[in-house]
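Chains as they are written, first to last, in UniProt numbering: chain A, 1 to 273; chain B, 1 to 258.
No lab work stands behind these hints, which were simulated from the structure alone.
In this text the structure is predicted, and so the values were computed from the model without any measurement.
Don't be surprised by glycine CBs; every beta carbon is placed ideally from N, CA and C.
Among the hints, erroneous ones may be present.
[Claimed, not checked] Chain B stretches covered by chain A per the calculated footprint, using a threshold of three residues with CB under 8 Å from any CB of chain A: (1) 24-36; (2) 55-65; (3) 102-114; (4) 147-153; (5) 170-180; (6) 196-208; (7) 214-223.
One-letter residues, chain by chain:
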Amino acid sequence: MFRNTREGLALALPAAIFSTLLFLVPVGILLSEAFRSGGSWSLQGYIDFFSTPLNRTVFLRTLKLGVLVAGTAAVIGYAAAFCIVNLGPKSRGKVFGMVVLPLMISPVARTYAWIVILGRTGIVNEAITGLGLSDTPLRLLFTETAVFLGLLQLFLPLMIISLVSAMENIPRDVIPAARVLGASWIAVFFKVILPLTKEGLVIGGTLVFTGALTAYITPAILGGSKVLMLETLLYQRVNVSNDFVSASVIAMILIVMSFSANLLLKRIATARS
Amino acid sequence: MRHLATWSILGLTLTFLIGPFLIIILAGASATDYLAFPPEGLTLKWYLKVFTVESFRASFALSMALAIFGTFMALLLGVPAAYALNRYDLPGAETLRTIVAAPIIVPGIIVGLALLRYMVVPTGVTVTLALFMAHTALVLPYAVRVVSSSMTNLRADMEEAAVLLGCSRLQAFTKVVLPNIRGGVLAAFILGFVTSFNQVPVSLFLSGPGVRTLPIDMLAYMEITFDPSVAALSALLAFMSLAIVFTAERLLGFSRYV
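If we strip away everything but chain B, and leave its shape as in the complex, we get (with noise of 0.2 Å):
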């Protein structure tokens, strides 16, 4: 009896989380023009077609130039910083910390807004510039979470047990403190990309012509087209972040770190 509650509350919480994604990985198989489910008849040219469309292609390749070298870029940043907020004494790193924070809890449109107007338009820096300042300062809190996270495991006195020993500070790091920290960095480095390669509000503001960040690309074509080419792609993003979390969760149970 109690098993019956538990799996039919489980159960029906799941089918909503996770039953609209296999509606769409078959509504994007419709033989169809329009977006229908149950699908009417099974066909793969909108699987197909989605590879053909040249402005997906062109931002899909920002996208994800994006996400790699954005996160990339911000756990340079936040690295140091995570390190630097755990191992020393720093004078006011209460609010070190809430700057570095900041970009978490201001909405994404905010900020998307206030760089085109306060940085694309007066400095004259490029779109492509702005979105990648966008998306680092947008992952950086992230990647200070997770590697801090990681870093409170590790004893401090590993670190000086080597400087005694003759290392370097630097020597130290790299062959210490980077080793045991690489789980943390890689579920930074993963988490970041997930979270910059999805966003949109950022985005929004910082596009121009033939600069535009894939989900922003997607918004615009399904307001012109209705065929299921917009479900078909979905459902590819989708299998692409599976794929990608999954694979980070057998190599380093990447949802400790989450």
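Just chain A, same shape as in the assembly (with noise of 0.2 Å):
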């Protein structure tokens, strides 16, 4: 540790000023426009907000394929990461780094495969048809079903990485240790497993969560207008309607969903200890 402050703020400031200028400043703007309208500070622009229909509905299916997305894909994380360390050190090197590489691929290319999978004349639809289930293709794109598979293809990755270096902390013998004393393996799960793996299940869970709310390309190119989400919402209101006031409120709900997801995770991670 050096002791001279002046010098150690002089390398330091740089990039804080920059932070704040480029980005705090116009993002805190961009979020108080909803409590200034009509030139004066109300919290009418969220009342309006609410009290549409539509919005409300987009709200609660952002909400919903947010806390699937996380949900399902700490199912798979589990069963994965659990895998991947039980394998030996070579084809674990392996496997990891094919979790891994997916996220390194852009997100436009790797939802733009799901139209080949679901579209018109995809894989799934001519077999269908070629199995003569039905006469004419489904529509798969365009729908709940379709954004969900989308987001979790996108995101799993990132709950099994932070599942992984969680369950290489756990102590080598423990595992087994409960098992010669007879418990199950489900009670091992819940007693052994999770307690340990539940920093990394909180971070997962908190990446993949809010990596669903945020994603823009996928409900774009999967859910079209017809399965909108709060991102694909806002800029449909900026671009259409000119509605800064909408985007300022989605703005916020977005960062205020983030942080909660967050925390609720580390509540839970705490309270059962």
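Mind docking these for me? Both chains are given alone in their own frames, and the hints should help you get the complex.
Next up, the structure:
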């Protein structure tokens, strides 16, 4: 540690000032916009927003899909992470690499694949009409299921990574010990694995939930205007109707939702112990 | 038995995560004028067409420039900040950390909209400059985090020794600190580059006539055209990312830093 505070500040401040001017200030002004409707401070923007049925539907759908994606990712994530941690060192690195890889690839490319799979002439529909299950192709795109699958594929790696690094820290002999003492696998999961990996679950859960809330491309491509989520609604409000008050309200909702998810998960994690 | 269970779980998970790319590679090679899978006839014409679409070329160049210069700028700001936060006992260090990390917490679409409304519109700076600033701000948290983590392993007494032996503080930094965190800085650059290049929400509102990042351009293209060229382009971009990550992994064990 160096004592020369002035020198340290001179090194750290440019980044902080840049971030403040280009980021905190503009975002702060944007967030305050909804409270200033009609020149005075009020909550009218929020009341108007939530009194529109479409907006409520979109809000609830975003919340629902976020929870579903995070929950499913946790279930698959635990199974996959448990398998990965128990692999031999060689295949472990390879499998882990394959889990991380998709994160480096453009979300546009990752989402576009689902059009190929779920589109009118995609694999699923070819199979369905080919097997004679239906005469006409089904509408699989622009449904909540399509958005759910797209989001899950996009963010599952984040959950697996968080859980793998949490599970690596479980002492080696704890699980065999619990088994020897007669615990069933279910008991082992709830009494040993879950308590010891809850920090990973909190991190992974927050990342996946926040990611699902704030993804734009997936709901835009796979949901379109039929399955709006908060992000796509925000874009529409600004681009179609120049409605900046709604945009500001949605922005605040997204930020509050991400923060509360993190706090809630942390609370649950500490309550257990 | 246990082996079987392990590999079927992993097999299914990896199919779900990686399978779509194999599909996209093949779909981009379909001889049809529309998206089809399984492909009907194989052709490379869509892969070649991608390179002749004028708007793709322009937006690819813009995305490249943003990713390279934005990340470079973020490192220019982020490396000294990470250094200071690790080596100095700063008043309000926690606050500084939070401010620098803030762009990661707020949804990108909001950042883009805020910059458009309160920077581009009132001050008249160009959209390109705003994009550059936005991408720098976006990469900054990654730069600080990755460089910080590679710096925590570096003992401060090495630098003190260098100073005692007659180096100036700057020399101690360039001769002792920098060579030791080189891997971390490179990793931060690659992570920043990929993040910036693939970024959509921030750039959504920050586009104008002739100024569009590649992902935004692809979104616009697929709204009007249904031929397999977007699949081909997606596959090419996936290959590009893979090549970058593989090279990085080989050269410096990139995954340690992510």
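Hint-by-hint comparison with the structure:
1. Coverage of the segment 24-36 of chain B by chain A holds [criterion: at least 3 residues with CB-CB distance below 8 Å; count 5].
2. Judged by the Cβ-Cβ criterion of 8 Å, the segment 55-65 of chain B is not covered by chain A as claimed, because only 0 of its residues qualify and three are needed.
3. With a cut-off of 8 Å between beta carbons, the segment 102-114 of chain B has 11 residues touching chain A; three or more are needed, and the interface restraint holds.
4. Given a C-beta distance limit of less than 8 Å, the hint that chain A covers the segment 147-153 of chain B is violated, as 0 residues qualify and 3 are needed.
5. Residue count for the segment 170-180 of chain B with a Cβ under 8 Å from a Cβ of chain A: 0. That is fewer than the three needed, and the coverage hint is violated.
6. Beta-carbon proximity to chain A at under 8 Å applies to 6 residues in the segment 196-208 of chain B; the threshold of 3 is reached and the given coverage holds.
7. With 4 residues having a beta carbon nearer than 8 Å to a beta carbon of chain A, the segment 214-223 of chain B meets the requirement of three or more and the stated coverage holds.
The structure fails hints 2, 4 and 5 (numbered hints given earlier, in ascending order).
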